[in-house]
Amino acid sequence: MIDTKKRIVVLLGPPGAGKGTQAAYIKEKFHIPHISTGEILRDNIDKGTPLGIEAHKFMHKGDLVPDDLIIEMVKDRVRQPDCAEGALFDGFPRNEEQSEMFFDMEYVSTNAKVCAILIDIPDEEVINRLSNRRYCPSCKSIYNLIYKVPKNKDGDSYLCDNCGSELVIRDDDKVETIKNRLKVFHDTAEPLIAYFTKKNVLHIVDGITSLEEVFKQIVNILE
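Counting from 74, one number per residue, gives the positions in the sequence shown under the numbering used here.
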């Protein structure tokens, strides 16, 4: 029997886990849109929708947009034809309250297979991956001293293969910043992981392996 359920994927993982790459792979293989609440917010505000106007009032004051407004925007988005076979969510739900509203949505509760996928990587590996990134301020190329090593050096400085500019470490890739980002991730993700475990939809994949191996694990879950 052919499974006609929608595939609804919630992608979780620390910075440096390769979520963007995996999201692109999932989108291409399963023909489902990659939805982020940031894009939905910007789209509603740019178009001047009633929800966008309301959200802008909160953002203008520096306040967080309330969960119920976010959910209404998500409901509008999943009514679009490209979501008929499912959707991939990244950065949403963001907390337990949003998770409860998410599961109460008819789109999620009716004829759907929900998979929350955690790309699991130890903090030490995240720090190792991100702190070894180097960035070209001229042509915006990105290198990694472990996986994509620049060919040329000038003394202790690495040079861009494309334009010869000296590579730099971005603030986001400095060790202290990475540790702060990891703390934010754990504070946010741990309640979600507990919630998805309780709902029996959490799947954990080993993020230490290659991007291709990680994707194979994800495909096995979704198929």
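Hints listed in this document are in silico derivations from the structure and should not be mistaken for laboratory results.
Fair warning: there could be bad hints in the mix.
What the hints assert, rightly or not - Heads up, simulated DSS-like pairs for lysine-lysine below, C-alpha to C-alpha not over 25 Å straight-line:
(1) K252 to K92
(2) K186 to K148
(3) K252 to K224
(4) K92 to K102
(5) K289 to K78
(6) K79 to K213
(7) K221 to K289
(8) K78 to K252
(9) K148 to K130
(10) K102 to K213
(11) K186 to K213
(12) K120 to K102
(13) K130 to K120
(14) K79 to K130
(15) K272 to K78
(16) K102 to K289
Said to hold, decoys possible - Pairwise CB distance ranges, derived in the manner of DEER restraints:
(17) K78 to S211: 29 to 35 Å
(18) G164 to P123: 22 to 28 Å
(19) A267 to D155: 28 to 34 Å
Quick reminder that beta carbons are idealized off the backbone N, C-alpha and C, glycines included.
Hint-by-hint comparison with the structure:
1. K252 to K92: Distance ~18 Å between K252 and K92 Cα, so the pair holds.
2. K186 to K148: Holds, because 17 Å separates the two Cα atoms, which is no more than 25 Å.
3. K252 to K224: Violated: K252 and K224 sit about 29 Å apart, past 25 Å.
4. K92 to K102: holds (15 Å)
5. K289 to K78: Given pair K289, K78 holds - Cα atoms ~21 Å apart, limit 25 Å.
6. K79 to K213: violated (38 Å)
7. K221 to K289: holds (23 Å)
8. K78 to K252: violated (39 Å)
9. K148 to K130: Roughly 20 Å separates the two Cα atoms, so the pair holds.
10. K102 to K213: violated (29 Å)
11. K186 to K213: violated (39 Å)
12. K120 to K102: Between K120 and K102 the Cα gap is close to 30 Å, so the pair fails against 25 Å, i.e. violated.
13. K130 to K120: holds (15 Å)
14. K79 to K130: Violated - the C-alpha atoms of K130 and K79 are around 34 Å apart, more than 25 Å.
15. K272 to K78: Roughly 18 Å separates the two Cα atoms, so the pair holds.
16. K102 to K289: Holds, at roughly 11 Å.
17. K78 to S211: 29 to 35 Å: violated (48 Å)
18. G164 to P123: 22 to 28 Å: holds (23 Å)
19. A267 to D155: 28 to 34 Å: holds (31 Å)
Violated hints, in rising order: 3, 6, 8, 10, 11, 12, 14 and 17; the structure is consistent with all others.
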